[in-house]
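From first to last, the protein sequence lines are chains A and B. Just so we're aligned: the first sequence equals residues 2 to 295 in the numbering used here. Just so we're aligned: the second sequence equals residues 2 to 295 in the numbering used here.
Rather than coming from a laboratory, the hints here were simulated on the basis of the structure. A few of these clues could be false.
Derived pair list, reagent style DSBU-like, types lysine-lysine, alpha-carbon separation capped at 30 Å [to be verified]:
hint, chain 1, residue 1, chain 2, residue 2
1, A, K225, B, K271
2, B, K271, A, K154
3, B, K127, B, K294
4, B, K294, A, K225
5, A, K52, A, K271
6, B, K227, A, K52
7, A, K52, B, K124
8, A, K227, B, K127
9, B, K124, A, K22
10, A, K225, A, K52
11, A, K22, B, K225
12, A, K271, B, K114
13, A, K271, B, K154
14, B, K52, A, K52
15, A, K114, B, K127
16, B, K225, A, K271
17, A, K225, B, K22
18, A, K271, B, K124
19, A, K225, B, K154
20, A, K22, A, K225
2 protein chains.
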Amino acid sequence: MRPFLPIAAAGLLIAAAPAPKPVTPNDIVAGAPASAWIQIPADDLLVLELKSGGRVVIQLAPDFAPVHVANIRALARSGYWNGATIYRVQDNYVAQWGLNESDKPWPAGVTAKPPAEYTRALKGLKVRPLGFADPYAPGAGFVGGWPVAYSAKGGWANLAHCYASVGVGRDLSPDTGTGGELYAVIGHAPRHLDRNIAVVGRVIDGIGELSSLPRGTEALGFYKDKAQNVPITSIGLMSERPAADRLVYQYMDTGSASFARYLRVRANRKDDFYIRPAGGVDLCNVNVPVRRKP
Amino acid sequence: MRPFLPIAAAGLLIAAAPAPKPVTPNDIVAGAPASAWIQIPADDLLVLELKSGGRVVIQLAPDFAPVHVANIRALARSGYWNGATIYRVQDNYVAQWGLNESDKPWPAGVTAKPPAEYTRALKGLKVRPLGFADPYAPGAGFVGGWPVAYSAKGGWANLAHCYASVGVGRDLSPDTGTGGELYAVIGHAPRHLDRNIAVVGRVIDGIGELSSLPRGTEALGFYKDKAQNVPITSIGLMSERPAADRLVYQYMDTGSASFARYLRVRANRKDDFYIRPAGGVDLCNVNVPVRRKP
Chain A
2 MRPFLPIAAA GLLIAAAPAP KPVTPNDIVA GAPASAWIQI PADDLLVLEL KSGGRVVIQL
62 APDFAPVHVA NIRALARSGY WNGATIYRVQ DNYVAQWGLN ESDKPWPAGV TAKPPAEYTR
122 ALKGLKVRPL GFADPYAPGA GFVGGWPVAY SAKGGWANLA HCYASVGVGR DLSPDTGTGG
182 ELYAVIGHAP RHLDRNIAVV GRVIDGIGEL SSLPRGTEAL GFYKDKAQNV PITSIGLMSE
242 RPAADRLVYQ YMDTGSASFA RYLRVRANRK DDFYIRPAGG VDLCNVNVPV RRKP
Chain B
2 MRPFLPIAAA GLLIAAAPAP KPVTPNDIVA GAPASAWIQI PADDLLVLEL KSGGRVVIQL
62 APDFAPVHVA NIRALARSGY WNGATIYRVQ DNYVAQWGLN ESDKPWPAGV TAKPPAEYTR
122 ALKGLKVRPL GFADPYAPGA GFVGGWPVAY SAKGGWANLA HCYASVGVGR DLSPDTGTGG
182 ELYAVIGHAP RHLDRNIAVV GRVIDGIGEL SSLPRGTEAL GFYKDKAQNV PITSIGLMSE
242 RPAADRLVYQ YMDTGSASFA RYLRVRANRK DDFYIRPAGG VDLCNVNVPV RRKP
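Start from the sequences and build out the full structure, keeping to the hints where you can.
This is the structure:
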């Protein structure tokens with residue numbers, strides 16, 4: 002039988018009632034209103050289907066590397082990448098794919114020598130500042146869902162090399178690469194590549210298909226034997242698919258109030274597991290939320 | 002027949018001689034004198050032999066987490082880990098191994114409730130400062146080969162969660178974990194875990210064996226089916242092996258002139274591939290050099 006609770010004990014009960022549960026980044030993502038999400042155009046999505054059955058979806062960044070992105074779209078549409086493989090997987094660095102040293106001619110619409118789209122003008126970009134120091138640039142923050150480094154004084158901005166960023170393989174400067182050979186970052190952010198390579202996008206779905214591949218044993222992570230190269234069945238744009246077969250993705254608007262809260266909580270984890278919130282976060286540890294359209 | 006070279010032409014030849022090749026981080030590692038290398042004691046090396054044939058070598062950090070490291074040594078020596086597996090692989094985060102929710106009793110020498118060795122006193126540590134801002138702590142640098150964050154004002158230092166760092170799995174606070182369940186970082190540095198978990202070491206050889214494992218599909222990257230767990234044949238200390246079978250590793254003394262140069266070049270890549278040196282580097286992108294004893 003339940004005993005009568007004297008006032009003191011009742012007071013104790015109140016004191017012992019659970020404190021409001023601290024908000025997690027996942028809570029903010031789950032609770033963000035529809036208005037906080039922006040749909041990615043199907044023409045900005047490059048899809049790799051692997052022979053293993055895995056799928057890798059890449060969001061392209063035409064606002065940062067328009068000529069390289071135009072090349073990538075032309076390469077995809079023309080079927081240039083028939084027979085492409087992942088031929089380089091270097092631990093804590095990159096997985097790289099394409100035709101690798103092919104002399105196949107470029108299809109129509111490909112600019113063979115694109116400009117160095119390593120930075121773009123800061124002007125015209127609406128930046129949500131990270132709010133913490135960045136060792137690689139005077140400023141760091143987010144523009145339209147992308148992590149960027151920038152200089153107000155220099156007037157430039159660049160897409161940052163974070164986990165899952167996709168860049169354009171190239172030879173030594175002044176070559177900038179066409180986009181025929183691409184890599185995705187599969188380790189700690191190699192930010193020293195910022196402003197030295199054209200970043201053209203990021204993997205938004207299926208990065209684990211690349212990051213879990215066997216590491217190549219040759220210099221720079223190339224596979225020793227071509228038989229080890231990982232076959233890619235197709236590389237195409239989402240916009241090439243019939244509407245019914247398209248996957249629709251959204252990213253969290255980095256200008257939204259939801260993202261502002263998300264960023265604040267990423268820098269100050271207070272949920273059950275955490276005892277000491279960091280009070281800061283680095284650009285590549287924020288991870289702009291991306292989801293399939295619900 | 003070799004023509005006579007007039008002075009002007011000879012001058013031209015000198016002008017056309019190749020400029021001295023910019024030094025790379027690898028050049029500095031290759032050229033560092035023997036005095037720049039420090040041998041790791043065999044009792045500080047934990048070796049995982051995987052059933053696949055892969056080997057993972059971990060350097061333990063008794064100067065930072067002495068009770069947890071003593072536990073790990075006792076667990077290894079007692080054969081506690083017989084039957085251990087890697088049961089959790091979460092992309093861009095951690096691979097975790099042990100017996101996972103076993104009720105096997107702790108062997109002799111294991112402290113069941115270790116203190117929270119999340120930080121240690123800064124006093125007594127000789128720090129080589131990183132020289133660039135760190136968003137996670139007032140200071141960042143290197144102590145005895147380890148990347149550390151610290152506060153001169155607070156008087157504390159902690160091992161940073163970088164790629165390949167090894168930490169102790171635990172339940173919610175105040176539990177600190179015994180060391181029976183360990184994880185290695187296989188993605189971008191999760192520095193928000195700093196000062197919330199005991200870091201006990203780092204993988205110095207074979208991290209690719211962990212980072213290339215299939216990702217678990219359950220919440221937090223646990224494998225769905227126990228049959229997917231990756232078998233570990235043995236976990237032991239290098240010091241338990243006969244002297245002839247021991248692998249000997251060295252790390253670059255972070256107090257050495259070689260490391261000072263290495264750090265400077267990591268922050269300012271000028272070799273052929275690089276057009277714009279970053280002028281900075283983050284703590285976890287420095288990668289203290291480790292090698293097999295030549």
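So, going through the hints one by one against the coordinates:
1. K225/A - K271/B: holds (29 Å)
2. K271/B - K154/A: holds (23 Å)
3. K127/B - K294/B: holds (25 Å)
4. K294/B - K225/A: Holds: K294/B and K225/A sit about 26 Å apart, inside 30 Å.
5. K52/A - K271/A: violated (43 Å)
6. K227/B - K52/A: holds (26 Å)
7. K52/A - K124/B: This hinted pair is violated, its Cα atoms lying about 56 Å apart.
8. K227/A - K127/B: violated (48 Å)
9. K124/B - K22/A: Violated, at about 37 Å.
10. K225/A - K52/A: Given pair K225/A, K52/A holds - Cα atoms ~20 Å apart, limit 30 Å.
11. K22/A - K225/B: holds (28 Å)
12. K271/A - K114/B: Holds, at about 23 Å.
13. K271/A - K154/B: holds (23 Å)
14. K52/B - K52/A: holds (27 Å)
15. K114/A - K127/B: violated (50 Å)
16. K225/B - K271/A: Roughly 29 Å between the alpha carbons, so the hint for K225/B and K271/A holds.
17. K225/A - K22/B: Satisfied, since the Cα-Cα distance of roughly 28 Å is no more than 30 Å.
18. K271/A - K124/B: Cα-Cα ~28 Å, so holds.
19. K225/A - K154/B: At roughly 51 Å apart (the allowed maximum being 30 Å), K154/B and K225/A break the hint.
20. K22/A - K225/A: Between K22/A and K225/A the Cα gap is close to 52 Å, so the pair fails against 30 Å, i.e. violated.
Going down the numbered hints, you'll see the structure goes against 5, 7, 8, 9, 15, 19, 20, while the others check out.
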